[in-house]
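Enquirer: These are the residues of each chain, in order.
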Amino acid sequence: MQGNGFKISAVLAFVLLSLYYLFPTVQRTLDEREIAAMSEDEATAYREANYDDLQATRERSLNLGLDLQGGMHVTLEVGAAALIRELADDRTDETFDEALRIAQEQSLESRDNFVDLFVAAIEDVRPNTRLARYFRNASDEINARSSNDEVAAVLKVELEEAVTRATQIVRQRVDRFGVTEPSIQKQGSNRIIVEMPGVTEPQRVRNLLRGTAKLEFRLMPDPGQVAQVAQSLVAYVDEGEEAEADSAATETEAAPDSTAAGEDSTTALDVAALAEAEQEAESAVRDRQLSELLTIVPGQSVPYVGQVAVRDTAAVGAILRRPDVARLIPPTMDLLFSARPVEGLEEEAYWLLAVNDRVELEGDVVTDDGPDFAPFTNAPLVSLSMNTDGATRWAQLTGANIGRPVAIVLDGLVYTWPVIQSAITGGRTSIEGVTRTEAEDIVTVLKSGALPAPVQIVEERTVGPSLGQQAVTAGTRSLIIGFLLVVVFMGFYYRTAGLVAGVALVLNVLFIFGILAGFGATLTLPGMAGIVLTIGMAVDANVLIFERIREEMASGKTLKAAVQGGFEKALSAIADANITTFLIGVILYSFGLGPIQGFAVTLMAGIVTSLFTALVVTRLFLDYLVQGRGANVAFG
Amino acid sequence: MRIFDNAQYDFWAKRRLGMTISGVLLLVAIISLIYPGLEAGIDFKGGTEIVVQTEQPLAPTEVRAALDEQLGAGSEVKEYGSPTELLIRTTSGSGDASAISQTIIGTIGAAFAGSNPEAIRTDAVGPRFAEDLQRGALYAVFGSLFVILLYIFIRFDWRYSLGAVAALTHDVIIVLGLFALVHDLTPVTLMLDQAIIAALLTIVGYSINDTVVVFDRIREFTQLFKTEDFSTVANRAISSTLSRTILTSVTTMLVVLILFLFGGEVLRGFSLSLILGIAVGTYSSIFVASPIVIMLRERYGTSVPKLSTATR
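Line by line, the protein sequences are chains L and H. Each residue of the first sequence is one higher than the one before, starting from 1 at the first, in our numbering. Each residue of the second sequence is one higher than the one before, starting from 1001 at the first, in our numbering.
One thing to keep in mind: the hints can contain errors.
What the hints assert, rightly or not - Only pairs whose alpha carbons sit at most 27 Å apart, straight line, appear in this in silico BS3-like list of lysine-lysine: (1) H:K1226 x L:K569; (2) H:K1226 x L:K186; (3) L:K7 x L:K557; (4) H:K1226 x L:K557.
Derived by calculation from the structure, the hints in this document are not laboratory data. Here the structure is a predicted model, which means the values were calculated and not measured.
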């Protein structure tokens, strides 16, 4: 027993430390149980009264992964291609477009920086192209004589900054949305990981995250002309379907610049996948006629193309983006969907509207905005104030177009298209036809500023709160049953020593949770599986030791000497076996993502704690029983 | 209680049996990896997977028919744990998470009145992101094999190192093969995804754990019984660690079985591969890793394994 004082204090210290770190978690569980028993009003009052305390325990308690508490995990990608297009001057040409397209294709396969791919592509398409000619206005550092390398360096910095800015903007939006404990991180060169526990409105969050806050005021074309375009579109597409027209030939032609519905609002998971996905969508609707998808409502005073059922919007968008179809739409006209569904219909459907290609005013003139309510109807709206320049232009625009509708377009969706009654001076206007939450979200997006480049959701995982609760129950149940079975089995097989191992196992589990809480790690469902697995594997070290002790006893040693020898001889096997498994954990952690990292963390924590409990805790107990009490410990 | 007390089995004599079993298993595994092949989940292929909860039970085939009309063929519908929960997986459509899950919910709601569908879990992975995940998984699997190769080489010598990695590769291939073989036959969702990769690495970790314990004993015994044949020594080492090997397998198998039964639908594929892996891993450390070390030693000299700090 000599020299065990240090070990005993170490074990006690770890136990106390674990309990200290786990205390807030226990407190939180108790709080939540208490709150759950109250009525709703009481709960709200209680929450307000104890806000600080609750917040403190919440922050210090064991983090549960999104798969356990429910919520949303989104990976956003900042569109490098779109950013480069944005940075370029207006005088881009076919070489530029072609290079951008090639770079986009290559970025699927390559890990290289997008800017490098683009530069390589443009030099490939037309050797000796000077990049400076496209980016003269992108930065002060670029002038007509800048070399391609210099331009590329500037573009890289811009891209880097865009991602950082986008991360900040996303953070602002999420904070304003009111998520408790969100996590927003930059990942790699152009991705942002957003974790939002407890979010139950995925659609709203998606729009909020992706919204580029591109606000535009546009006039609308003559309804008669739009009706003609609508008819020619239907006629062309449907005839094409019937005749099985070989659209492949026309598709290779360059697409006109102003294409189609919802181009800005394209929300595909991946830019490059879009083309492929579109073709799939196209082939899926190949046998469906446009007249079936698009309901034309004749005799309108507003330039409506028609109504599209919600489930067909993607298909119609795909048809309209087809180059051969896009050619039928006059270049001065853009076809966009309405943001809100058509009123008074049984099935949810949206207007497809025609707006002018020309943007009269943009969001940059807006100085202030806020959610508000219409004076008489009390309908929610977003009120906007413009700066002097904007106010003057808005007054001119409205003055010159009395009696005509003006479209207010946000991120490629038409929110309202009021008919101008009189010239509006003073620069105030509003976005109507929104719900209250929509009004709040639009303000959030407008206030946080426009994203420097469009972002796309490349990964999304949503878990409902009930499913999370189920996972917690399942995980806890497996943990308890697994634990009990192992302890019973060990006691049965090794008798007294087995029970000692059982005690060590209790401490082991306590330490694992303590480590997780202490290091602020996140417990996920795979993580819980990792703990369960650790329980099964943790006894391995004990088994190795006990088997050795049995061997030593069989060779005729005294119990005391056998225990001593058993631990010593088992050490090298235990060390090698655990180090290799730990290395696997490290690899799993470095290459895995999300929940899998949670698994790796518990696996590693489990190895460390099981080494400690087997070599120190079990040893202490055995030493105490054998040497301190002189007990005849049975090893089965 | 004691099992295998003073066990003296001649594993080396049974090596041909072991090789035959491993050979057959490997053959079956490789064939089923080619056909029917492993099905990649959306993690590695890209696509959308949602779990839809409805108020009344719906027949997966009918739901599938309804969805095919909207999304084109290619979506997959399965019951998920309970009759009112359906797992729907699709790679078709415009690739947009929100659009697809909306379309699915809308279609089910329209086709089955009163079903009141609700998405309780959504996973959507873009194709490009999926490619990154795939790369990460490959790096992880090969990286771990390489690290083990290196570690065992440093702690033992190259023969042990090769024997261990051969056994691990054997385990990974067989588990993947069995996975491919049964994935159509079981009601459990068996798809190659991130969780399965994690399971594979855990199996690698478990199997190497087992193997190292045996190696350690072989190394110890070669110091003790210098005059004896290496195969005899190795055989004795396997025999004397046998009870530990079996015992640890039993406790680990117990908890993994519990995970399979009580861990819920999400962990089912994961725990099933662990069950397979622990069985194969335990077997391989006895019948694959050690025989290979013996054969390599008989073939390439009999240098004494490095004496390291661990041999006390």
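Enquirer: For a quick check of understanding: which of the numbered hints are violated here, in increasing order?
Expert: 2
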